[in-house]
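End of the sequence shown sits at 297 in my numbering; the numbers just go up one at a time, nothing left out.
It should be emphasised that the hints constitute simulated quantities derived from the structure, not laboratory data. Treat the numbers as computed from the prediction; the structure is a model and nothing was measured. Check before you lean on any hint, since a few could be wrong.
What the hints assert, rightly or not - Think about it this way: if two alpha-carbon atoms lie no more than 30 Å apart in a straight line, the pair counts; the simulated DSSO-like pairs of lysine-lysine are:
(1) Lys133 x Lys143
(2) Lys50 x Lys33
(3) Lys40 x Lys71
(4) Lys40 x Lys26
(5) Lys50 x Lys26
(6) Lys40 x Lys143
(7) Lys71 x Lys83
(8) Lys179 x Lys169
(9) Lys169 x Lys83
(10) Lys83 x Lys33
(11) Lys160 x Lys71
(12) Lys241 x Lys158
(13) Lys83 x Lys158
(14) Lys71 x Lys143
(15) Lys169 x Lys158
(16) Lys40 x Lys50
(17) Lys74 x Lys40
(18) Lys71 x Lys33
(19) Lys160 x Lys143
(20) Lys158 x Lys71
(21) Lys33 x Lys74
(22) Lys179 x Lys133
(23) Lys208 x Lys160
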Amino acid sequence: MNIVILDDYQDAVRKLACANKLEDYPAKVYTNTIKGIGQLAVRLKDAEILVLIRERTHITRALIDKLPKLRMISQTGKVGAHVDIAACTERGIVVSEGVGSPVAAAELTWALIMAAARRLPQYISSLKHGVWQQSGLKSSSMPPNFGLGTLLKGKTLGIWGYGKIGQLIAGYGKAFGMRVMVWGSESSRQRAQGDGLLIADSKADFFAQCDVVSLHLRLLDDTRGIVTAQDLASMKPTAMLVNTSRAELLEPDALITALNRGRPGLAAVDVFESEPILQGHALLRLENCICT
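Can you build the whole structure from these sequences, using the hints too?
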């Protein structure tokens, strides 16, 4: 049974405690990413089981048609639009998905919120370049003293999507003395209301009121581009947007435009429309965007 594991950027799979379960099988782990269907078809020509890490490679009908030996796709985390389920079904290819812990994603999200609020990456970079106590955040589009950083206590934390990760983020926010407001589906809002949290009257109200907006949605056809340029433009110039979910939740280029215009004033993102992100990407050039 030939197993192929794609896009293990950090070469972590072979070092996992469970990796010895693959010892009796011909398993190949790739740490680099290729995008072309022709190249992928060559790489996967003998694959019977394909293991995907997040949505780093799109498994399209055109690619599936070139993989006659493929019998199963195993997805770490939830299956999204990057896998053509209809094509897999027609071919009799089994598609499975995993259920991971929400803790890692929630802790990363909170670390980004803390780092952005205190302008830590900017101060660290400045100090390493010999500049004492300067964040470099002095654009004319920014409010006075924007580079000094800010407290979270007393601010409004907005959570769009009150699932497992969103619930953890809400708990962190409350522990830091923040006012927690939720937006999302009706069921999401009902759960949040049951937990005693504030519910925004509307999406517009949500973006206008919140000092921090954190996105926790799955990428589906009806959530693609759900955060619009108008939503971002309605945020406070002192606010921040945090996205550790999926880049495609935002309209294309909306975040770049919004940050250049100063609404919101900051962003912290761990997801990009194309990964690995290329050196010179517009977000990497923005002083008011933290990218990981």
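Do the hints match the structure? See the list:
no.: 1; hint: Lys133 x Lys143; result: holds (19 Å)
no.: 2; hint: Lys50 x Lys33; result: holds (12 Å)
no.: 3; hint: Lys40 x Lys71; result: holds (15 Å)
no.: 4; hint: Lys40 x Lys26; result: holds (29 Å)
no.: 5; hint: Lys50 x Lys26; result: holds (23 Å)
no.: 6; hint: Lys40 x Lys143; result: violated (39 Å)
no.: 7; hint: Lys71 x Lys83; result: holds (24 Å)
no.: 8; hint: Lys179 x Lys169; result: holds (16 Å)
no.: 9; hint: Lys169 x Lys83; result: holds (13 Å)
no.: 10; hint: Lys83 x Lys33; result: holds (22 Å)
no.: 11; hint: Lys160 x Lys71; result: violated (53 Å)
no.: 12; hint: Lys241 x Lys158; result: holds (17 Å)
no.: 13; hint: Lys83 x Lys158; result: violated (34 Å)
no.: 14; hint: Lys71 x Lys143; result: violated (53 Å)
no.: 15; hint: Lys169 x Lys158; result: holds (23 Å)
no.: 16; hint: Lys40 x Lys50; result: holds (15 Å)
no.: 17; hint: Lys74 x Lys40; result: holds (20 Å)
no.: 18; hint: Lys71 x Lys33; result: holds (19 Å)
no.: 19; hint: Lys160 x Lys143; result: holds (22 Å)
no.: 20; hint: Lys158 x Lys71; result: violated (55 Å)
no.: 21; hint: Lys33 x Lys74; result: holds (15 Å)
no.: 22; hint: Lys179 x Lys133; result: violated (34 Å)
no.: 23; hint: Lys208 x Lys160; result: holds (18 Å)
In summary, the numbered hints that this structure violates are 6, 11, 13, 14, 20, 22.
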